[in-house]
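All chains should be built: construct the whole structure from the sequences, respecting the hints.
Residue numbers (my numbering), protein chains in the order written: chain A, 89 to 496; chain B, 89 to 496.
Since the hints were made in silico from the structure, they are not lab data.
On a predicted model such as this, the values are computed, not experimentally measured, just so you know.
Just so you know, even glycine gets a beta-carbon here, dropped at the ideal spot from N, CA and C.
Where hints are given, some of them may not hold.
[As the list claims (entries may be wrong)] Footprint (simulated), chain B over chain A, 3 or more residues, beta carbon under 8 Å:
1. 94–102
2. 107–114
3. 152–162
4. 200–207
5. 372–384
6. 389–397
7. 434–442
[What the hints assert, rightly or not] Taking beta-carbon pairs under 10 Å as the criterion, some of the chain A residues facing chain B (in silico):
8. Glu124
9. Val129
10. Asp475
[What the hints assert, rightly or not] For lysine-lysine, the following DSS-like pairs were computed, each having C-alpha atoms within a straight-line distance of at most 27 Å:
11. Lys484(B) x Lys476(A)
12. Lys316(A) x Lys288(A)
13. Lys331(B) x Lys312(B)
14. Lys179(A) x Lys214(A)
15. Lys197(A) x Lys484(B)
16. Lys461(B) x Lys354(B)
17. Lys484(A) x Lys476(B)
18. Lys476(A) x Lys303(B)
19. Lys247(A) x Lys312(A)
20. Lys197(A) x Lys448(B)
2 protein chains.
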Amino acid sequence: MPSCELVTIGSELLNGSVLNTNAQFLARKITALSIEVAYQVSCKDREQDILDTLSRAFERSDLIIVTGGLGPTPDDITREVIAKFFHCPLKFNPAQYRHILHHFRTLRKVTPLMTRREAFLPEAAKPLLNRFGIALGFYIAAGGKLLITLPGVPRELVKMYETRVEKLIKDKFPDRPRFYFLEAHTAGLHETQIMRKLGKGFFAGRKFEFGIYPKIGEVTIRVKTQEKNLIPILHRELVKKLKGSLYSCKNESFSAALGMELRKCKKTLAIAESCTGGLLAERITDPPGASQYFKGSIVAYSNQIKFRELGVPMELIQKEGAVSAEVAQAMAKAIRIQYQTSIGLSITGVAGPSGGTRLKPIGLVYIAISDSKRNRAFRFRFLGERDKIRLQATQKALFLLWQWLARG
Amino acid sequence: MPSCELVTIGSELLNGSVLNTNAQFLARKITALSIEVAYQVSCKDREQDILDTLSRAFERSDLIIVTGGLGPTPDDITREVIAKFFHCPLKFNPAQYRHILHHFRTLRKVTPLMTRREAFLPEAAKPLLNRFGIALGFYIAAGGKLLITLPGVPRELVKMYETRVEKLIKDKFPDRPRFYFLEAHTAGLHETQIMRKLGKGFFAGRKFEFGIYPKIGEVTIRVKTQEKNLIPILHRELVKKLKGSLYSCKNESFSAALGMELRKCKKTLAIAESCTGGLLAERITDPPGASQYFKGSIVAYSNQIKFRELGVPMELIQKEGAVSAEVAQAMAKAIRIQYQTSIGLSITGVAGPSGGTRLKPIGLVYIAISDSKRNRAFRFRFLGERDKIRLQATQKALFLLWQWLARG
Numbered sequence: 089m090p091s092c093e094l095v096t097i098g099s100e101l102l103n104g105s106v107l108n109t110n111a112q113f114l115a116r117k118i119t120a121l122s123i124e125v126a127y128q129v130s131c132k133d134r135e136q137d138i139l140d141t142l143s144r145a146f147e148r149s150d151l152i153i154v155t156g157g158l159g160p161t162p163d164d165i166t167r168e169v170i171a172k173f174f175h176c177p178l179k180f181n182p183a184q185y186r187h188i189l190h191h192f193r194t195l196r197k198v199t200p201l202m203t204r205r206e207a208f209l210p211e212a213a214k215p216l217l218n219r220f221g222i223a224l225g226f227y228i229a230a231g232g233k234l235l236i237t238l239p240g241v242p243r244e245l246v247k248m249y250e251t252r253v254e255k256l257i258k259d260k261f262p263d264r265p266r267f268y269f270l271e272a273h274t275a276g277l278h279e280t281q282i283m284r285k286l287g288k289g290f291f292a293g294r295k296f297e298f299g300i301y302p303k304i305g306e307v308t309i310r311v312k313t314q315e316k317n318l319i320p321i322l323h324r325e326l327v328k329k330l331k332g333s334l335y336s337c338k339n340e341s342f343s344a345a346l347g348m349e350l351r352k353c354k355k356t357l358a359i360a361e362s363c364t365g366g367l368l369a370e371r372i373t374d375p376p377g378a379s380q381y382f383k384g385s386i387v388a389y390s391n392q393i394k395f396r397e398l399g400v401p402m403e404l405i406q407k408e409g410a411v412s413a414e415v416a417q418a419m420a421k422a423i424r425i426q427y428q429t430s431i432g433l434s435i436t437g438v439a440g441p442s443g444g445t446r447l448k449p450i451g452l453v454y455i456a457i458s459d460s461k462r463n464r465a466f467r468f469r470f471l472g473e474r475d476k477i478r479l480q481a482t483q484k485a486l487f488l489l490w491q492w493l494a495r496g
Numbered sequence: 089m090p091s092c093e094l095v096t097i098g099s100e101l102l103n104g105s106v107l108n109t110n111a112q113f114l115a116r117k118i119t120a121l122s123i124e125v126a127y128q129v130s131c132k133d134r135e136q137d138i139l140d141t142l143s144r145a146f147e148r149s150d151l152i153i154v155t156g157g158l159g160p161t162p163d164d165i166t167r168e169v170i171a172k173f174f175h176c177p178l179k180f181n182p183a184q185y186r187h188i189l190h191h192f193r194t195l196r197k198v199t200p201l202m203t204r205r206e207a208f209l210p211e212a213a214k215p216l217l218n219r220f221g222i223a224l225g226f227y228i229a230a231g232g233k234l235l236i237t238l239p240g241v242p243r244e245l246v247k248m249y250e251t252r253v254e255k256l257i258k259d260k261f262p263d264r265p266r267f268y269f270l271e272a273h274t275a276g277l278h279e280t281q282i283m284r285k286l287g288k289g290f291f292a293g294r295k296f297e298f299g300i301y302p303k304i305g306e307v308t309i310r311v312k313t314q315e316k317n318l319i320p321i322l323h324r325e326l327v328k329k330l331k332g333s334l335y336s337c338k339n340e341s342f343s344a345a346l347g348m349e350l351r352k353c354k355k356t357l358a359i360a361e362s363c364t365g366g367l368l369a370e371r372i373t374d375p376p377g378a379s380q381y382f383k384g385s386i387v388a389y390s391n392q393i394k395f396r397e398l399g400v401p402m403e404l405i406q407k408e409g410a411v412s413a414e415v416a417q418a419m420a421k422a423i424r425i426q427y428q429t430s431i432g433l434s435i436t437g438v439a440g441p442s443g444g445t446r447l448k449p450i451g452l453v454y455i456a457i458s459d460s461k462r463n464r465a466f467r468f469r470f471l472g473e474r475d476k477i478r479l480q481a482t483q484k485a486l487f488l489l490w491q492w493l494a495r496g
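Okay, here's the thing in structure tokens:
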């Protein structure tokens, strides 16, 4: 199996200003290609350090991916150091320069002089044009090895990897062992609950690697095997054993899967949210085409807005408190009727860090769903900081809506 | 200045299952001690790879911090490989074994046999008892160098660093230079524009390290120097040269700085957004205490909601299109009056990936601000994918509002 080394360059990584998400992204992608990522090295934007790191990487690895240090400012020296490492000059690339000029023209801005640097690449290299930014990527194939250099801006790196780089690697290393993958995304269950549902029978006598990765309100299961016909068998078992929690075996967000359900059921949705401040609507409108089911929402942050715009009675707010099942239900119903949708979804809670009391502590959240037949409120107590509480509340609201649709 | 190398061991890092937050945590802490983190290396739980990584680290660094691979399962071999590297046997540590037994007694569980491995450490090492878990840390001081080994569980690592390890490092390296730091957060300017504004004069004849870190719509500048009295001088120059863009020298988000301004000006805010789907309100309500200035918002995703709830005339929508300066202004004014706030802020645009036309292409966004005296719309053309367009649009809206407040 070919081996890979990831070299991430940038003082911001070494002083801890920035979390190295690029290394994780690339590690996952390269591993999925049946190439072993054996080392990951970060060093500063310092010539000798980069040269040392490159020569070590070329000694022991077949594929070397270097990211970072391709910007226009003087501290960015990756381009120059790689040219030095390969004993070749930098060469002007006219297509890249046109791309830079075009980029700034579209922004109606003057092209800064210093960006001209970014139209150069080592003579030994072939360009990897970056349609998502102005830093030029490039690659050098030499002695059975492949060096790929990508900009460190995560968004640009991801896009370039997906559109150009993966194919380049596959073509260069055609004789990789063939692996088959299965991914299952679940919501509403913990890791341990999933393991219990799967049971020992799921693993017995079968050859596959199993990974289980939790994030807030969701767990992803990843299976890797060399036995192609094991995939449909495992898939059927997962669907059966995780019924009601498995939302997708594709690489899509929960919002996207939920949007698909809303479309399938021909339901429209309106939202009234308070402590989550727009995050629920933001997540619902994240997938393209959300306008087919989502009509609009109100962020009723103050009680006056809950009263004036949603018609929640002031007496109810005063009697039960703005964070209560009754107010959540009133909000869900009001937004559904006002925005003329089939479903109304609401959140009201205490996100903190202040505003908690003994009876209404930080993390207390009510979520309500209303349609023409039913109106139910659900009570939760989430732990953690403000942003984590907001995230958990919206995740739970999306999950409750998904279950609601499943029940019909 | 002493140099440090971070060695993080674990196959889960190399296959991308886990994000390397330990490296970032340690990098930030060690940098703050005026020890330079020059390299960060991750390798798999494989003997030869660990040995190679250790010998390289001992060649070039003074302080080596190794994390991970100290668990009880057979794949964890860090303890054994370090003993081998120092040519010494493993030695039983009775205090650590009592700690393990006590740990399981507290949990009312039987102590698993395999955890006995965790009571051993290399004979050359001194123990670092882990009160937060069962994996034993340890350190070896040799030839002016210091090796520290810590468990890879982030929570345990953080606690152990804070309670024991930092003091150990300070004592071992007492003659560290003292550094002073300055951070400046700016919005609305590109890296290159900032460099031009600072000019060569900012750098000439002065001894400091300069870092510049862009993200969407924002740029952070970081200065590090040994000359204490340079800090206020640079601070004054930055404030003067970056007037109208520098929003904070503290570690706070742009939303938080904007919130502070709104509070200072005693202004209240309401939002009407379309293509950004709630993201603008979400960002405004991200800082705690946003309820002091933010009253609420409408996500008018469909035209009917723009018409019915915001009273934007249907003829206007039909004549100018929902994505137009006129509709943006109508939205900003309507939400301000309806929600009884001093300022109304609106966004309408085409986030894509579909819905673009020749006249109204994907990325076209209008932002309007309305107060009792003025109502102005601004036109932008953002590039990139749906999520990037949404992010840029909200960033620009926050920035325009900040400028609006500054002008009074």
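Here is what the structure says about each hint:
1. Look at the stretch 94–102 of chain A against chain B: 4 of its residues bring a Cβ nearer than 8 Å to a Cβ of that chain, three or more, so the hint holds.
2. With 7 residues having a beta carbon nearer than 8 Å to a beta carbon of chain B, the stretch 107–114 of chain A meets the requirement of three or more and the stated coverage holds.
3. Check result for the stretch 152–162 of chain A against chain B: holds, 3 residues qualifying (beta carbon to beta carbon below 8 Å, three or more required).
4. Judged by the Cβ-Cβ criterion of 8 Å, the stretch 200–207 of chain A is covered by chain B as claimed, because 3 of its residues qualify and three suffice.
5. Against chain B, the stretch 372–384 of chain A contributes 10 residues with a C-beta closer than 8 Å to a partner C-beta. That satisfies the three-residue criterion, and the hint holds.
6. Counting residues of the stretch 389–397 of chain A whose beta-carbon sits less than 8 Å from any beta-carbon of chain B gives 5, enough to reach three: the coverage restraint holds.
7. With a threshold of 8 Å between beta carbons, the proposed coverage of the stretch 434–442 of chain A by chain B holds, since 3 of its residues qualify and at least three are required.
8. Satisfaction of the interface hint for Glu124(A) is found here, the shortest Cβ-Cβ separation to chain B being roughly 8 Å, below the 10 Å cut-off.
9. The beta carbon of Val129(A) is positioned within 10 Å of a beta carbon in chain B (closest approach about 5 Å), and the interface hint is therefore held.
10. The restraint placing Asp475(A) at the interface with chain B holds, with a minimum CB-CB distance near 7 Å, inside the 10 Å limit.
11. The suggested pairing of Lys484(B) with Lys476(A) holds, with an alpha-carbon distance near 25 Å, which does not exceed 27 Å.
12. For the proposed pair Lys316(A) and Lys288(A), the alpha carbon gap of about 21 Å is at most 27 Å, so the pair holds.
13. In summary, the hint linking Lys331(B) to Lys312(B) is supported, as the alpha carbons are separated by about 22 Å, within the 27 Å threshold.
14. Distance check on the hinted pair: Lys179(A) and Lys214(A) sit about 11 Å apart at the alpha-carbon level, within 27 Å; holds.
15. For the hint pairing Lys197(A) with Lys484(B), the CA-to-CA distance comes to about 16 Å; that is within 27 Å, so the pair holds.
16. Distance hint between Lys461(B) and Lys354(B) is fulfilled; the C-alpha atoms sit about 16 Å from each other, no more than 27 Å.
17. Pair hint Lys484(A) plus Lys476(B) holds up; C-alpha atoms about 26 Å apart against a cutoff of 27 Å.
18. At roughly 23 Å between alpha-carbon atoms, Lys476(A) and Lys303(B) fall within 27 Å of each other, so this suggested pair holds.
19. The straight-line distance between the Cα atoms of Lys247(A) and Lys312(A) is roughly 24 Å, inside the 27 Å bound, and the hint therefore holds.
20. For a cut-off of 27 Å, the pair hint linking Lys197(A) to Lys448(B) stands: about 20 Å separates their Cα positions.
In summary, the structure agrees with every hint in the numbered list given earlier.
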